[in-house]
Amino acid sequence: MDYKRYIAKHLTIEGISEEEIAEAVAVPPNTDMGDYALPCFKFAKFMRKSPVQIAEDLKNAYPADEVISEVSAVNGYLNFKVNRKGLAKDVLERIGREGERYGAFDLGGGKVICLDYSSVNIAKPFHIGHLSTTVLGGALYRIFNFLGYKAVGINHLGDYGTQFGKLISAYNRWGNKELIEQGGIRALNELYVRFHREAEKHPELEDEARAYFKKIEDGDKECLALFDWFKELTLKDVNKVYERLGIKFDSYAGESFYQDKMQPVVDELREKGLLKESRGAQIVDLEEYGMSPCIILKSDGSSLYATRDMAAAIYRKQTYDFEKCLYVVAYQQNLHFKQFFKVLELMGKEWAKDLVHVAYGMVSLEDGAMSTRKGNVIFLEDVINQCVEKAYRIIDEKNAALENKADVAEKVGVGAVVFGALYNSKIKDIVFSYDKALNFDGETSVYVQYTCARAASVLAKAAAAGYKSSDEVCEPSAQEFELLKALASFPDCVQAAASAYEPSYIARFCVDTAQKFNKFYLDCKILQAEDETRAFRLRLTQATLTTLKNALGLLGIAVPEKM
RNA sequence: GCACCGUUAGCUAAGCUGGAUAUAGCGUCGGUCUACGGAACCGAAGGCCAGGAGUUCGAAUCUCUUACGGUGCACCA
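If you read the first sequence in this note's numbering, its first letter stands for residue 102, the second for the next number, and so on.
No lab work stands behind these hints, which were simulated from the structure alone.
There may be inaccurate statements among the hints.
To be verified - Simulated crosslink set (SDA-like; lysine to any residue; CA at most 20 Å straight-line): (1) K316 - D401; (2) K512 - K529; (3) K190 - E633.
If you're wondering where the values come from, they're calculated on a predicted model, not measured in any experiment.
Could you build all of it, start to finish, from the sequences and the hints given here?
Structural data, given as structure tokens:
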């Protein structure tokens with residue numbers, strides 16, 4: 102039930118459409134005033150009446166009905182209270198009917214949304230700087246699928262560039278097979294860090310690295326074999342983390358995949374007269390648009406990031422025919438995206454408008470920025486492990502008899518890591534601290550999961566006692582009503598999250614709803630209530646659990662039955 | 001220097017297209033255990049929404065401006 106529209110339909114204000122009225126309907130700051138309100142101030146001028154008078158007149162003209170239980174005029178506001186029982190019936194029926202699809206809606210009609218996220222670099226370990234793109238992308242992937250789109254997850258691997266020359270150089274100098282087989286990607290990373298340390302003293306190493314990279318490009322068997330091995334190791338390592346985080350990809354086409362797809366882009370740019378030589382490089386001049394030039398080819402003729410990204414965008418359009426292509430990449434690259442989006446537009450690709458840079462804030466450490474080269478990083482796996490360990494300790498302390506303790510600890514610990522990264526607006530910078538990551542109190546996934554466990558526990562006891570829920574609905578109390586309204590808002594919340602590319606909306610919804618459930622839970626006895634009330638409350642409890650599971654599920658967080 | 005982003009309680013943050021008393025969590029202090037799971041709940045203290053100007057009946061929200069912080073600005077990705 103769309104109450105705003107319903108109210109608008111029953112109001113007539115001369116010169117204003119129903120649509121406009123519906124848009125003007127707002128939610129008052131507290132429930133005592135009403136559930137919806139129409140501020141009448143903006144109508145005063147052309148109606149030549151005071152807002153107070155307008156509200157009063159509208160109130161008197163509003164027809165009595167079943168859906169709205171009370172209409173009042175207060176200080177120029179027209180306040181509405183909805184029929185609580187009606188709302189309860191509506192929401193509970195819908196959640197019961199839709200179950201794990203509650204909140205879903207076929208908005209997309211199967212249209213494709215490409216999502217470029219996580220995009221790890223080969224031979225670099227997964228650190229907390231990669232967390233945001235990974236979990237944001239993963240959440241958006243699920244959200245769009247939930248809304249009837251066909252999401253295509255793309256891990257645009259960083260598997261191309263001089264850094265691999267450096268790595269091979271370092272490996273040949275200081276590494277060996279056993280070292281890497283035992284130490285895995287972290288050992289590889291140490292080699293990389295060492296290279297940079299040594300290269301400061303011996304700059305000739307840089308030349309060696311460039312030579313090795315050239316060999317890869319030229320298809321040198323030994324170098325390529327080494328490179329493929331590094332790639333395999335990296336994916337194996339990273340996949341462990343993806344699996345724990347519940348992240349999936351449909352494509353791992355990375356930078357090297359586009360090696361042979363850039364020349365046509367360059368040719369097309371040249372044909373269209375967009376390419377221009379400047380300081381020895383081939384550029385597209387963007388001065389007219391207030392941007393520095395987009396460099397297409399370096400002065401030595403080799404390609405760049407932007408060239409590859411354009412080739413990738415064109416490939417994706419041809420392959421997937423996307424409705425939108427989202428790039429979940431940190432805001433540092435704002436200019437880069439603006440540039441190559443613009444160049445594609447200048448090339449006459451009308452779909453360039455469907456490319457979206459979903460920018461998010463940076464992660465730094467308390468002692469400054471992270472740097473893979475300097476080895477100043479916190480590995481994501483370490484953070485996850487610590488959270489899981491802490492969860493296990495707490496379970497051991499509070500609920501030692503619990504079965505599957507390790508499994509539950511995994512759900513709780515991983516959930517905390519994911520939720521922490523999704524709870525705030527994505528654009529905000531984050532200073533990582535273990536204290537914050539390991540906090541399980543208050544506005545956290547653990548709180549929400551705990552709330553679910555409480556709800557599940559009540560439902561289990563009810564089932565054991567043979568209590569049935571019924572289709573009848575009681576007049577909701579204040580707490581019950583607040584909870585019901587929260588549950589009713591979930592579908593809108595999912596759509597808002599999708600259109601703003603903000604999974605945090607859903608994370609906030611989870612905490613808000615859990616808070617309301619806990620208030621209800623404390624004030625309203627469920628199992629000890631009289632038959633009719635108990636049946637209603639059980640249904641409300643079940644609906645809450647269903648909704649929270651759906652919401653957390655979209656974020657990639659599992660809900661244990663007990664914890 | 002130019003561009004983009006940020007600035008809300010001691011700390012971390014919500015606040016949707018301008019609307020009624022600015023909202024949570026953490027921390028602090030004080031309560032609720034004869035418990036449908038205390039990883040919970042209630043209460044208190046804590047605010048010139050960075051400063052200034054403007055638009056408006058009405059501004060944390062829109063515009064301009066200043067300050068502070070972050071990021072980016074030609075051959076890295």
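* Asked: When the hints from earlier in the document are held up against this structure, which numbers fail?
  -> As far as the earlier hints go, only 2 is violated by this structure.
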